[in-house]
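One-letter residues, chain by chain:
Number of protein chains: 2
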Amino acid sequence: MAQNIYDDRVFFAGYTTLPRSVRGLDGAPEWPAVRAQLPDLAGKSVLDLGCGFGWFARWARAQGAAHVLGLDLSENMIGRARLNTHDAGIEYRIADLERVEFPPSSVDLAYSSLALHYIEDFERLVRSVYHALRPGGRFVFTIEHPIYMASRKPGWRTDQEGRKTWPVDAYALEGPRKTNWFADGVIKYHRRIGTTLNMLIGVGLEIRHVEEFAPTPDQIAAMRDLAEELERPMMLIVAAQR
Amino acid sequence: MAQNIYDDRVFFAGYTTLPRSVRGLDGAPEWPAVRAQLPDLAGKSVLDLGCGFGWFARWARAQGAAHVLGLDLSENMIGRARLNTHDAGIEYRIADLERVEFPPSSVDLAYSSLALHYIEDFERLVRSVYHALRPGGRFVFTIEHPIYMASRKPGWRTDQEGRKTWPVDAYALEGPRKTNWFADGVIKYHRRIGTTLNMLIGVGLEIRHVEEFAPTPDQIAAMRDLAEELERPMMLIVAAQR
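For the protein sequence lines, the chains are A and B, in the order given.
Each residue of the first sequence is one higher than the last, beginning at 655 in my numbering.
Each residue of the second sequence is one higher than the last, beginning at 655 in my numbering.
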């Protein structure tokens, strides 16, 4: 079973303060880039893997999606999502993405935001998603970028000229990485970009887009802290198609 | 026109001492991984972009390729390749990969080893390769990994615990990187993995494999220095298909 850090009281209290928790999709700087990879949702069936508070589910319905199924391991998240949603076209379910299976050829878009780096058996999940997708259906997801995750001691370093650099080490050593983020001992799974993409290709998906998110000049002007995202990528956006 | 560093006397003298220059394909640790991406070459037409001394061209013919065209900007390289080759099925030509065009649908395999990071207009070249390929034809290439190239000051750092890390900065700032490698002022072009892959997808190629080369345990046992390649990837292997 996947680690359920979102039901840790301290973690959850911290997580709810993030801009993306408070403001939803518009609080996430990568959202415009992710949105550009989404198909037209009118009348479509949507699956949200790691749905959190349901921000995406509600947005997808506002775009005309016929049905959205949001899955999350966290009772906290699902509880909050249900509280915030009044829509019979959206269903939320507590589910472990390490084990979940879906009805075949039932989904037009499988979406996931910053959840799949918590999954140890990514290949199993990808195979499940492949079978869940209808032919032509899309799988669009974001994960933490492996450059961001690889190091034994991730975090900015300052070089002799006072410039920030990000350390990469252990890049080829895939597997768990324990970090402290709102709570101690949060476990993420590092995979190289190649490994992630080859698993998608291996199950039969076609890679349509790979983006290492970087903020636009306008975004940096509005939020100066985002400039450091030009130095090293924090997020990877992938779009694949059955 | 691309920088012609291989015709710099000092650079060339240094380059010829590399294991891959002396021993050919078997002197390159990534070769088994690259070879695994190559199609059966019997009767096929092969294009080698940045053919160097012609090691790959001769190997391809030994595998039964009907014809190999090797291109390189460097007179030094082409001269040496011709000296070492006695085979009417191999043709070497001096050519600038920034400008070269090919006959349409004439090639079964376009191959390139560690040359395309010297190319500024990668998209133009990729479009040329796409049109040169027959349907089903493959484009298999290696380039320096963007993790290796991105930093303003690439090179190992040692952290407080004495562990080696590799700095990443300026990752989203694509463009020229000036380095000193056998000669001063060697110009390479940094592109993110996403940019490289999206250019392939954009012209109509399908991504078949993406590999961030890491040595095997056997390779490390035979050559201890290779262990550092587990810390950060130096090379990216890509296979795409028309």
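Hints are computed from structural coordinates only; laboratory data are not their basis.
Do not rely on the hints blindly, as some may be mistaken.
[Unchecked claim] Capping the alpha-carbon separation at 25 Å, the derived lysine-lysine pairs in PhoX-like fashion look like this:
id, chain 1, residue 1, chain 2, residue 2
1, B, Lys-807, A, Lys-832
2, A, Lys-807, A, Lys-818
3, B, Lys-818, B, Lys-832
4, B, Lys-832, A, Lys-818
5, A, Lys-807, B, Lys-832
6, B, Lys-818, A, Lys-832
7, B, Lys-832, A, Lys-832
8, B, Lys-818, B, Lys-807
9, B, Lys-807, B, Lys-832
10, A, Lys-832, A, Lys-807
11, B, Lys-818, A, Lys-818
This structure is a prediction, so every number in the text was calculated from the model and none was measured.
A quick look at each hint next to the structure:
1. A threshold of 25 Å between alpha carbons decides the hint, and for Lys-807 (chain B) with Lys-832 (chain A) the separation of about 29 Å lies outside it, so the pair is violated.
2. For the given pair, Lys-807 (chain A) sits about 15 Å from Lys-818 (chain A) by alpha-carbon distance, which is consistent with the 25 Å threshold.
3. At most 25 Å may separate the alpha-carbon atoms for a hinted pair to count; Lys-818 (chain B) and Lys-832 (chain B) meet this at roughly 23 Å.
4. Of the pairs offered as hints, the one joining Lys-832 (chain B) and Lys-818 (chain A) holds, with about 19 Å between alpha carbons and a cut-off of 25 Å not exceeded.
5. With a C-alpha separation of about 29 Å, the suggested pairing of Lys-807 (chain A) with Lys-832 (chain B) is violated against the 25 Å cut-off.
6. Note on Lys-818 (chain B) and Lys-832 (chain A): the hinted pairing holds, with a Cα-Cα distance of about 19 Å set against a maximum of 25 Å.
7. Distance restraint check for Lys-832 (chain B) and Lys-832 (chain A): the Cα-Cα separation of roughly 36 Å exceeds the 25 Å cut-off, and the hinted pair is therefore not satisfied.
8. A threshold of 25 Å between alpha carbons decides the hint, and for Lys-818 (chain B) with Lys-807 (chain B) the separation of about 15 Å falls inside it, so the pair holds.
9. Taking the CA atoms of Lys-807 (chain B) and Lys-832 (chain B), the gap is about 10 Å. The hint holds against a cut of 25 Å.
10. Straight-line distance between C-alpha atoms of Lys-832 (chain A) and Lys-807 (chain A) comes to about 10 Å, which keeps the hinted pair within the 25 Å bound.
11. The suggested pairing of Lys-818 (chain B) with Lys-818 (chain A) holds, with an alpha-carbon distance near 17 Å, which does not exceed 25 Å.
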